[in-house]
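K.L.:
So the sequences go chain by chain: A and B. Numbering (our numbering) for the first sequence: 1 to 365. Numbering (our numbering) for the second sequence: 1001 to 1365.
Simulated from the structure, these hints should not be mistaken for lab results. Among the hints, erroneous ones may be present.
No more than 30 Å apart at the CA atoms, straight line, and that leaves these computed lysine-lysine pairs for DSBU-like [said to hold, decoys possible]: (1) A:K89 <-> B:K1205; (2) B:K1205 <-> A:K205; (3) A:K205 <-> B:K1069; (4) A:K227 <-> B:K1089; (5) B:K1098 <-> A:K205; (6) B:K1089 <-> A:K237; (7) B:K1237 <-> A:K237; (8) B:K1237 <-> B:K1098; (9) B:K1205 <-> B:K1221; (10) B:K1227 <-> A:K89; (11) A:K89 <-> B:K1237.
Keep in mind the model is a prediction, meaning the values are calculated, not measured.
Protein chains: 2
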Amino acid sequence: MVRRIRPPPRDESADLTHPLVISIDAMGGDHGPSVVIPACAKALAELPDARLLLHGDEAQIRAELARHKELAARSEVRHTDRVIAMDEKPAQAMRRGKGTSMWNAVEAIREGQANAAISAGNTGALMAISKLILRMSADLERPALVASIPHANGMTTFLDVGANVDCDAARLVEFAIMGEAYHRAAHGVARPTVGLLNVGSEEMKGHEEVREAHRILREGKIDLAYKGFVEGDDITKGTVEVVVTDGFTGNVSLKAMEGAARFMYDELRAALTSGMVTSLGALLARPSLLRFRDKISPLPAAPLLGLNGLVLKCHGSADARDFAKALRAAADLAQSGFASEIERNMRRLPAALAPTAPASADGAA
Amino acid sequence: MVRRIRPPPRDESADLTHPLVISIDAMGGDHGPSVVIPACAKALAELPDARLLLHGDEAQIRAELARHKELAARSEVRHTDRVIAMDEKPAQAMRRGKGTSMWNAVEAIREGQANAAISAGNTGALMAISKLILRMSADLERPALVASIPHANGMTTFLDVGANVDCDAARLVEFAIMGEAYHRAAHGVARPTVGLLNVGSEEMKGHEEVREAHRILREGKIDLAYKGFVEGDDITKGTVEVVVTDGFTGNVSLKAMEGAARFMYDELRAALTSGMVTSLGALLARPSLLRFRDKISPLPAAPLLGLNGLVLKCHGSADARDFAKALRAAADLAQSGFASEIERNMRRLPAALAPTAPASADGAA
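Here chain A stands alone, though its shape is the one from the complex (with noise of 0.2 Å):
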């Protein structure tokens, strides 16, 4: 498969702030400043054109930063000693969150101080707190996210995985909007193809919202590479680069995926460590296992989609190398055609889902 690969186009609306600044709640995830801002030194020596505003407790920050003197020149600290917690229930967040450094993080965007936020904390809270701070651009229940799933080739997006459990034909069609948009950004990937998710019986395929989300793709309204229905294996075989779905099946089957993964990790590990024999095998298969792993983990990062701002979830066991990959995520999302792509195709929807007019009709009133 030939893909012509480009540099990611500058975006006006990235212009708000120059140069590029990105918000980071520092005290998000597991691990807090002692993961972020090492990270952030890490990232912020390949991104020279950014800077970065640093919400949590300024102690701890400046404990960090006094180990990295270009990263502390290039931040500003922002204090506070609110953080959400990571069991905090989302209604909870958004009620009592104001003045914690995730909250802080988000609201920098609506202020027009940064160009994206990144956390690794709590997702519920997130999104919960990103919805009521910036609100919503497309007419989703909360954010959809993105998962990226690796296959032989490269990595396929995998929306939605963040719970829009009741999705009509228009949800989907938006699913795939943002979906292909964000893979372009991410991946450099010119026209992302992109399939809907379906089950694989022959008859009846699918619900009533998959078969009409599939009508409205594919009369081409909608500007993008629509390849049809895919199936659940599809996901890791990289048929298509972008598979959608509700939030629903999106959410158990990327779980079933991770799930199944794991147990094959933990069996291998079992039957490679059984005997002395065996045991020397996987020595020597050491580095190949280990390139392995590599393989198989999916990307550390997600952006939310369907928010008024660039908003991106890091897993919360991520460590400095992880947050790193997350920040030059956001960098590249952030100086992307990305935000602008998705408004413009957007536009077309309403058109798209008007009911289509007879093939031969001369547009008579």
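Given the structure of chain A, go ahead and fit chain B onto it with the hints provided.
P.N.:
Same frame as chain A, now just chain B:
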């Protein structure tokens, strides 16, 4: 975890034919009689009470039977030269299937000549033909299909993966009843635990149908060990023994898991054969890797649930060992209390579906 293992009790409904008779579509699957007949010979050696009806091309079947005298003595060959193609559409199969080996295998159940039927042929066709001949006992679009997914200490029974796309709460409860009885019969677990698949988001757990099914199962009018909601990764964790979901989510997430497992297996093989030292390691680890592969293989056969009769689907690429396992599974199910346990619990369904009366009402009309 301590499990009470008990031998499957004999079911009174299994006495319509004595000894046990299993009806075989000898032409189904990728290989036909050359695999099916040796598999039958292998399985029958462990089933002293069983007899077989072999449906298909008599010449081909007799050629194989010539090598298996014991099987030949305990089988009856029922000739037909008509076969359902692996790519035949279910609607076509229903119209034109009469007199094919698959059709005749299922019809023997309705005619009281066999206790169970097995086919490794086209799944959609088998579901359609079975529904047409046997009729549904449960109120479903089509039979529910069970998958058996390995976890560290056993197998998870997962249904519906057979694409009953639109499922209300009553359908989900029916799946719970059928899956629980199946798990007991197939795995000798006295009281299998049951969970309902849902998303992990704290707020607004799942859609209306899932929450309503949860309410019904929690009330306890249905006789089973319901443990509440589970998530996608619980399927391979073995958190509960039976995981229930609608046919859309079940089909997609089963295929997603299969895809993830296939991807990991391929990547692992590529990693382990990428260099000389690594390949030596892989060679030393080979016995463990083979045990690993066995461990992660699901069961080769699954019953179609909700029919007035026992039909098992064996996967199309089954080898003789797989098909023999399917035969033993059919015998276990036919001789268990499976069918009557489902019927008993299904009779509780109307009362369980009725809205709950106020807690301290006196029952005055």
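K.L.:
Mind listing which of the numbered hints don't hold for this structure, in increasing order?
P.N.:
Violated hints (numbers, rising): 3 and 8; every other hint is consistent with the structure.
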